[in-house]
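Letter by letter, the chains look like this.
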Amino acid sequence: MNDFILSSLIFTPLLAALIVLLLPMRFQNTIKAVALGGALVQMVLAILLYFRFDGTAAANGQSGYQFVNKLDWIGFSLGSLGRFQIEYFVGVDGISISMVLLTGIVGVIGVISSWTIKKNIKGYFLLYLLLLTSVMGCFLALDFFLFYLFFEFMLLPMYFLIGIWGGPKREYAAIKFFIYTLVGSLFILIVMIGLYTSVIDPEATAAQLGMLQDGVANSDVILQVQQLLQQNVIEGANIVRTFSIPAMMDPANFIPGSLLHVLSGTVLWDLPIRFIAFLLLFVGFAIKVPSVPVHTWLPDAHVEAPTPISVLLAAILLKVGGYGLIRIVYPIFPDGGAYFSVLVGGLGVLSIIYGALCALAMNDLKKLIAYSSVSHMGFVLLGLASLTSEGVNGAIYMMFSHGIISAMLFLVVGVIYDRAHDRMILNFRGLAKRMPAYTTFVVIAFFASLGLPGFSGFIAELLVLVGGFSAPDITGMLPRWLTIVAVFGLLLAAAYYLWALQRMFFGKYWIFPELREKAKLSDLNAREYLMLVPLAILALVFGIFPHLLLNKIGVAAQGFTELVLRNGQEQLQMVLSTIVR
Amino acid sequence: MKEQAAYLSQTIDAIIAGLGSLMPELLLASFFLLLVTLDLFKSSTIKQLLPWLALTGLFAAFVLQLLGGYTSGGVQFLSLLRSDSLARFSGVLFSAAGIFTILLSLQSKVLEKLKEGRGEYYALILVLVLGLNLMAKSVNLLMVFLAIELVSIASYILTLTLKQEKRAVEAGLKYVLYGTLSAGVMLYGMSFFYGFTGSLNYTEGTFWQALLQADTLLVTIAAILVFAGFFFKISAAPFHFWVPDVYQGAPMPIVALFSTGPKMAGVIVILRFVAAFSDPAVASYFDDVLLFLGIAALLTLAVGNFTALLQKTPRRLMAYSSVSHAGFLLMALLAFGTNYTVSVLFYLTVLLFMNYGTFLFLQITEEKFGTHKLEHFTGLGYKLPFMGVMAVLFLLSLTGLPPLGGFMGKLLIFSNVWEAYSASGQVLLLVLLVAGALLTGVALFYYIRIPYYLFLKRNLTEEKLVISLSNKLLLAFFAVPLLVLFFKPDLLLNWIEKLLAQTL
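Protein chains in written order, with my numbering: chain B, 161 to 741; chain G, 215 to 718.
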């Protein structure tokens, strides 16, 4: 069971997708049932994993991952240049466990929300399930190639889901989404190639050198191999290159003389090549986060996507960006993280403020929420840039909390759009009179999102801000004024939410005349309760009992900060020293 | 007189000794003769048999080269040809391309209606494949020229298969004019080389040693002239102007063949030529030639990808796509010091499947719906879902997205270029790498337009249509290897590696 739980998590939706593929088009209810079944099994497995995951286990280096499953996938000899290998390597740690749980939950909510889709159901659920597989794969992959495969494979289902089932400008939004994210992932691809040509798998190299007794590598042997490597005495043909992310995190695994080695001393456009690699990766993931100024695809994609796809996009797809930064960019290039902390934090604060200002200016409720996503994801960048334990905990907590709350927000927008086929704020007034239950959930979602104490958003923002404020003293990373500016984001969030609430829901009931004929403003139905109630409960539970999640994240986040800080300072010195010379 | 007789008998002995290494070519030649002879009969049963006969010939050559063993490796045929494993593997690819061309032709309604010249058509495909084989085996400049001309002449006639159509005639004429011009230029360059070295065997060390004595500027000019001819064959910029017109005018199976066969053979010729530069002692002398090649690769990538953006017809779009792939291959050939040969051969294999798949899809839609413009694809994905999905697979593989073979091909090439940059520190390589990667984003923009019309745009009628089972099977046949080559590329890579290790 323990060996297969992660693989089952990834491949259950794929299996369901295959069943959907084989079902004839006319069995519409069966197709829906299979999709729901697939998502439900994935959720149950995710919850099971969450409870079984041991949050207290140390998470340093290779040994910190739990439920690891490692299989050979592609192995190929490069002649005198050694071998390269790609592994099916999955595992979970404190950073990914929250994302896995989130994906499981939102996946089911999304299927329920998709119940009203009418056009081409078979194709829709097929793509939906493929999307779930690839997102889950992204969060669990520990091999860079495997990660990249899932990362890129997300784009295609999403392109069709927006482009076929979306709103009036769907074609434009779909292609914009596709091109933006693809360009981002090409930056990632370049660095991935650079990394795998530079990094060895010490275990497999030891096996190649015949240093293993009984086929097991203990830490002594690995250390020995790493020393041999750094002394440059291992023959080229015996070197095994790898895509393994944990191997890339250890600077001792970099081949001396390779471009991305800390001492390579290669300079491009006046920057050490490691810094450029950091920036490329950062841009690649920042597009996905999204961070200002590469966020412009998001409002279009959100506005045009059908409700369930908006939910998925905001709740879990954006998280892949933040997750990539935490899993890949910072641990592999801690020197860049230390050097560019002001840039990353600055972009985070810019996203917070600019996103909030845009949200304030929007007349379309869905666009408002899309920009609020930009604003909230800015906190992830800020928390990460602080490199304090609180900040990183807060960043991960923010990703989880935003996942839950943004799902709720987009569902709430979907409710009014389903009924009135319109969602312009100024076209409605006094909806509270007509739809009291709906208004209650809108209020809950808005307040949760603007960071009212008692909801999960508050904990996340608090942690990030504490991290940001303590950073100058503890890690020396961010100037204090940046965090002070970020606080204004909270104020703006309150402004745009409360203003929207006041304009749309309070006052005398009124609706734009042209909408009156079509609009049937009935209150929430059972299906909508089924989606909104669990999300509201989750937002509350994780707001009141933050230790539920922090207990799982804490050790890993601590380990992450220590690793990044220690390696970061050290490697930064080394990188800069090679340049002066 | 006596000396001459002795020389003659020596030569004949050498020819007889070398014949074994030419088995696949001899096989193709005899099937060609058989086809031409049988074509003289008026009986319609015999005429019906011709494509199958051609198929048999190609298949026999395919199996022969796949199994190998007909040559003891590296045998020279009068120092003109070399039957090494590189030639053998590319021979497998050429035969496969020929087989696929005939399979596509058998599905084509346009060719079925063709009254005259069906026999010639199939016979000339055999000649073309024969020429490709010779190109890949040539180690002598004159032989290279002859082989290229053999391929070209077959190509000119095949372009004109549908001679009733105006665009076919236009395409044929343009092709001949550009072709003869570039052949002349290439020959001129080769004559320089002969003048410098007194030898035509460009794979030998003495040839390059002699060149090192000559004036750098002249050698560079001569090399560029020779490359003009090679570039014409692989449709690299700035010798790509014939490509869109020929792709517009020739029958679809022939376009598919042009987009793969001559390109693959041209790449092998360049590979053999450039391999000499990888020797550091020689390389420094040919810096300018390398710079030229690098700039040509960059130019080809840029021209191919950006011009493709502007195209409104699927055939022209694929023409510029083909140019951009030539750019990728050129870039791969510059990654000295790495095992780029393996990557190039892998990429060629992937290219074979994805191009034939795409052109089969285009042939089906063009003959059934008259899709002469991209808009004509509107809503077809809903009428023919299976074909639509297959088309998406092919086009995404051409773009280079996972989980398809096209991604693996690009990944391997990029890795080689990175490795080479890492070793040599040449900025040009880094520029190529970054440009190649970023242009993939541009490529997505034009490739995705076909799926965009297929699935995102809808038209009013949504009745379901059917395509023949043979077409479906063939589409799947081209698509499955793309998936396999992504998930288990090491199957092919290890085989190529093993093959290359045998003789080199």
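No wet-lab data here; the hints were simulated from the structure.
Heads up, some of the hints might be wrong.
Stated by the list, open to error - If we take Cβ atoms under 8 angstroms as the criterion, some of the chain G residues that face chain B in the derived model are:
1) Phe628
2) Trp632
3) Glu633
4) Ser636
5) Leu647
6) Val648
7) Gly655
8) Phe659
9) Leu670
10) Asn673
11) Leu707
Glycine included, every Cβ here is placed at the ideal spot set by N, Cα and C.
Kindly indicate which numbered hints from before are broken by the structure, ordering the numbers from low to high.
-> Per hint list: single violation, 10.
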